[in-house]
Structures are given as structure tokens and as C-alpha cells.
Amino acid sequence: MTKTKTVKKYSLQDCPFYKARSLTRIAECLTIRPRNINHPRYKRPQFNKLLHLTKDTLEEFTNDKCYKIHEITDKKGKKRKTEVPIPELKLLQRRMVDLFKRIDPPPYLYSATKKRSYVDNGKQHANGERLFKIDIKQFFPNTLYGYVYNFYRNILLCEKHVATVLAKLCTYDGHLPTGSPLSPILSFYAHKPMFDKIYQLALDNGCIMTLYIDDIHISGERATDGLLWEVQKIIHQHKMGYHKVQLYKKHATKTVTGTIIVGEEVRLRNRSHRAIHDGIIDINNLATPKEKLKFMTTLMGKANEAKQIDPAYTGKVEYLRNQKKHLMRELKKIIVAST
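For the sequence shown, my numbering begins at 1 and goes up steadily by one.
Note that these hints are calculated values from the structure, not bench results.
As the structure is a computational prediction, the values presented were derived from the model and not from experiment.
If a hint is listed, it holds; no wrong ones were tucked in.
When the alpha-carbon atoms are kept at most 35 Å apart in a straight line, the in silico DSBU-like pairs for lysine-lysine are as follows:
1) K302 x K8
2) K324 x K307
3) K239 x K81
4) K123 x K302
5) K233 x K115
6) K68 x K333
7) K197 x K137
8) K114 x K101
9) K294 x K333
10) K160 x K101
11) K192 x K19
12) K137 x K90
13) K68 x K114
14) K307 x K290
15) K168 x K90
Generate the whole structure from the sequences, applying the supplied hints.
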């Protein structure tokens with residue numbers, strides 16, 4: 001039997017960054033262990049510095065040149081630019097993600113958190129009560145350097161220079177980059193004071209509040225226009241914008257982060273069913289095992305989440321798992337043959 005590795009949670013005050021006074025100490029904390037970069041693609045010389053990080057190396061990664069601008073097409077066919085860190089910086093940011101995810105999350109946070117998903121987020125509001133939702137507008141681009149610096153300086157109480165370097169490690173052109181693995185969790189902590197106020201407001205009104213990246217959902221008997229206006233004022237006070245505001249009456253069919261709430265029942269959206277079905281077909285059209293494996297990992301995540309709502313997905317999850325094992329064997333053969 002395979003043992004499941006459990007990661008010990010700690011408070012924000014026990015985070016390795018808390019009250020950090022030295023960049024040398026931060027470098028030691030962020031140094032990547034050899035076993036975490038044992039894949040052949042990480043054997044290139046530029047990854048060696050991650051095994052022995054120094055304060056000078058950290059400062060090298062604060063340059064905007066450590067990002068590449070990619071153009072992607074969203075679900076609506078609209079093209080937009082995304083800022084993606086170079087592979088070495090991405091590994092370093094993933095190390096930071098791991099440390100932040102060990103912080104015991106507040107009860108209302110359902111994104112960038114282990115053992116919580118958009119399905120769990122939807123289940124919190126399957127109560128047949130009123131509900132409203134509101135999105136923070138342009139969440140990553142509007143999470144400016146100052147918010148990130150204030151988090152490290154005023155919440156984690158880092159020394160000024162340490163806070164400056166850490167904030168620069170996490171931002172591009174003065175804001176959180178859209179293509180960084182760190183942005184989903186750090187955007188929360190950069191605005192935690194705002195979300196904490198909204199959460200307390202919901203509790204004071206006997207309501208349930210959840211947050212999924214930039215989507216705020218509040219449900220309950222008193223989830224009215226008046227409470228919504230109070231939430232909007234808090235967002236304004238913290239100099240952020242909002243959009244996609246929607247209110248649902250009691251017992252109405254509601255859309256909550258990828259799920260449909262019908263009374264007290266949680267259902268998967270039709271387009272989610274279709275995305276998984278089409279994904280299984282489309283994966284065969286990809287050219288290489290590497291492309292297929294990358295797509296497969298995302299598809300398996302969607303299928304596993306769907307299984308929480310619809311047990312009929314159990315068979316598809318097993319099929320995808322077997323296909324992933326096969327692709328990993330094929331990719332390993334290709335890598336060995338090329339070395």
C-alpha cells in the first residue's frame with residue numbers, strides 16, 4: 001500500500017518568511033533539493049544555481065527579463081498576453097507556492113488550497129438560500145507591486161530589503177504576472193485584509209462566504225442588495241474594482257464556480273461535461289507524448305473534480321490514469337534514447 005504523504009500545516013506567523021531579516025536565510029529556505037529537479041530537462045547548467053541559492057542569485061531573478069510574453073487565446077476566442085517566468089524562476093516560484101500552501105488557510109478560501117476544489121466551493125452554497133456573487137476585476141494585473149510588498153513588509157514583518165526582493169521575485173512590470181504558478185495563492189495573501197473584512201461581514205449577517213481566486217460568493221437569508229453594497233464598499237476602500245455582479249433569489253438555479261446549484265443539489269455544468277468528453281477525443285490529435293502528457297494532466301484534474309459530483313466519471317478517471325502511465329513510459333523511452 002502506498003502511504004499518503006501528509007504535510008504539516010502552520011500558522012502565518014510560523015511561515016519561513018515571517019520576520020525574515022536576511023536574504024541569506026531566504027536563499028537557504030528557497031534552495032531546491034536535488035530530488036526535486038532530477039528530471040533530465042533540469043540537468044542544464046542554468047538550473048545548478050537553484051541547488052545553491054545565494055542572496056545575489058535571488059536578486060538576479062528580480063529582473064523583468066526573467067519573463068517571456070506569450071499570446072494565448074481564451075475560451076471566448078479572445079487573444080491576450082500572459083507573462084510566463086523562465087523555467088528556473090518558475091521552479092523557484094513553485095517552491096514558494098509549496099511554502100505558502102502549508103499555511104493553514106482560512107475557512108472561506110477554496111482556491112490554491114490542497115483538498116479543496118471548485119466543487120467543494122459550490123457545495124457550501126447548496127442551501128436553497130439567496131446568493132450573490134461578485135468578481136474582483138483584473139485580479140492579477142491589478143494586484144500591484146505595492147500590495148505584494150505590503151504583505152511581506154507589514155503582514156509577514158520582513159526587513160525592508162528582504163520584502164523588496166521577495167516582492168520583485170513575485171511580480172512583473174509592477175504587478176502579479178498572469179502566467180506565474182505563484183500568482184493564485186499570493187494574490188489572496190496580498191489582499192487578505194480585504195477578504196477577511198468581507199468574511200466577517202458575511203458572518204455578522206449569518207451568511208456563508210467563499211472565495212475562489214477572484215470570485216466571491218455569499219449565500220444566506222440576508223444575502224441581499226444591502227449586503228452586496230457593503231461588500232462593494234469594502235472592495236472600493238481597498239482600491240480594487242469589481243464586475244460580473246449577480247444576485248439569485250431563494251431556491252433559484254445558481255451558477256457557482258463551475259457548478260450548478262439546484263435547490264440543495266450540486267450539479268456539473270453542461271459545458272464541463274462537454275469539455276471533458278471533447279478533451280478525451282482531442283488528446284489523440286496531439287503530435288508528441290510530451291504534448292499529450294501535459295494535456296492529460298489537466299484533463300485528469302477536471303475528471304477527478306467531476307467525479308466528486310457525478311460517480312459516472314469513475315471509469316473515465318481510471319481510463320485517463322492508465323493512459324497517463326502509458327504516455328510516461330513512452331516519454332521516458334524518448335528521453336533515454338536522446339541522451
